[in-house]
Amino acid sequence: MANILFLSPRAGDAATVTASSEVSTLPATFVQSQEPTKKWRTDGCAAEYIVFTFEAGVVTNYVAVIGHNLTSAATIRVRLADTLGDLTAAPAEDTGAVSAWPSSGKHSDEDWAHELSLVSIDNAAAYLYARIDFADAANPDGYIDVGRIALGRAWQPTVNVDLDPAISFVPIDVQEPNTYGQTFTDPRPYAQRQFDLAFNGGDQDEVHDYAMELSRLRGQAGDVIVCLDPAATTRFHRW
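For the sequence shown, the working numbering assigns the number 527 to the initial residue and increments by one for each residue that follows.
Quick caveat, the hints were computed from the structure, so don't treat them as lab data.
Keep in mind that the hints are not guaranteed to be accurate.
Distance windows between CB atoms, simulated [said to hold, decoys possible]:
#: 1; residue 1: T563; residue 2: R761; range: 21 to 27 Å
#: 2; residue 1: L610; residue 2: S694; range: 44 to 50 Å
#: 3; residue 1: T684; residue 2: A623; range: 27 to 33 Å
#: 4; residue 1: P553; residue 2: S694; range: 32 to 38 Å
#: 5; residue 1: H640; residue 2: T760; range: 14 to 20 Å
#: 6; residue 1: R744; residue 2: H640; range: 14 to 20 Å
#: 7; residue 1: G611; residue 2: K564; range: 26 to 32 Å
We put the beta carbon where it would ideally sit given N, CA and C, even for glycine.
With the sequences and hints as input, model every part of the structure.
As structure tokens, then:
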């Protein structure tokens with residue numbers, strides 16, 4: 527099991543984004559909204575991309591793509607550079623085209639709310655530009671939908687979370703009994719998952735420089751991508 531991973535979307539949300547294509551009512555800037563049902567939708571699906579221009583150099587070692595419609599054959603490619611032209615001509619970092627899914631492939635769980643793909647980059651340098659390419663030519667929708675993108679420097683604490691997390695599903699269906707002993711229900715399409723995590727130890731510098739900063743900058747209003755086991759395969763989407 528790999529150590530838990532935290533990834534803030536803050537750097538990407540402050541960037542300027544441009545895309546290969548977009549539907550006018552579903553623009554690429556929607557990936558900077560933390561509501562994953564607001565989708566960036568492309569015109570096609572064979573070769574599409576989005577470019578992030580950061581305000582200042584950003585160390586990017588992980589990219590998370592959330593709320594997408596990618597098929598089992600889809601690939602994602604991430605490139606980093608200090609100039610826009612070098613993103614394609616001579617990228618400083620290039621993952622090449624990698625599967626959008628773990629090595630076990632796309633899961634088959636029914637009615638999964640928001641798919642998430644995670645791409646790692648072996649990088650510790652700051653760059654001004656990042657480009658993410660999507661290739662999914664056989665997608666039956668004929669387009670690519672993406673609800674949220676987070677990219678930047680992820681934090682994986684040296685001392686991992688306790689390996690006995692409490693995982694539960696919180697029912698959000700409405701149940702309303704009446705005075706005649708009947709119960710009327712209003713089902714909601716997706717159950718809410720809840721994780722209760724505990725850290726019994728931690729490096730002091732990491733707590734101050736990462737954990738406390740993450741809490742300060744995201745507060746209770748900002749979203750954070752958390753993967754309990756970023757190296758998971760068949761259960762990756764559940765973790």
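Please test the hint of 27 to 33 Å on the beta carbon pair from T684 and A623.
Distance hint for T684, A623 holds at roughly 32 Å.
Notebook entry, point to check: Range hint 26 to 32 Å: satisfied by the CB atoms of G611 and K564?
Noted result: Since G611 and K564 have Cβ atoms about 31 Å apart, the given range 26 to 32 Å holds.
Review point. Does the Cβ pair L610, S694 satisfy 44 to 50 Å?
Key: holds, 46 Å
With 14 to 20 Å as the target window, see if R744 and H640 comply at their CB atoms. holds, 19 Å
*Given a hinted range of 14 to 20 Å, is it respected by the beta-carbon distance of H640 and T760?*
holds, 18 Å
Cβ-Cβ distance between T563 and R761: within 21 to 27 Å?
Holds, at about 24 Å.
Check: If you check the beta carbons of P553 and S694, does the distance land in 32 to 38 Å?
Finding: Taking Cβ atoms as reference, P553 and S694 lie about 37 Å apart, which means the hint holds.
Hint check: no violations occur; every hint is consistent with the structure.
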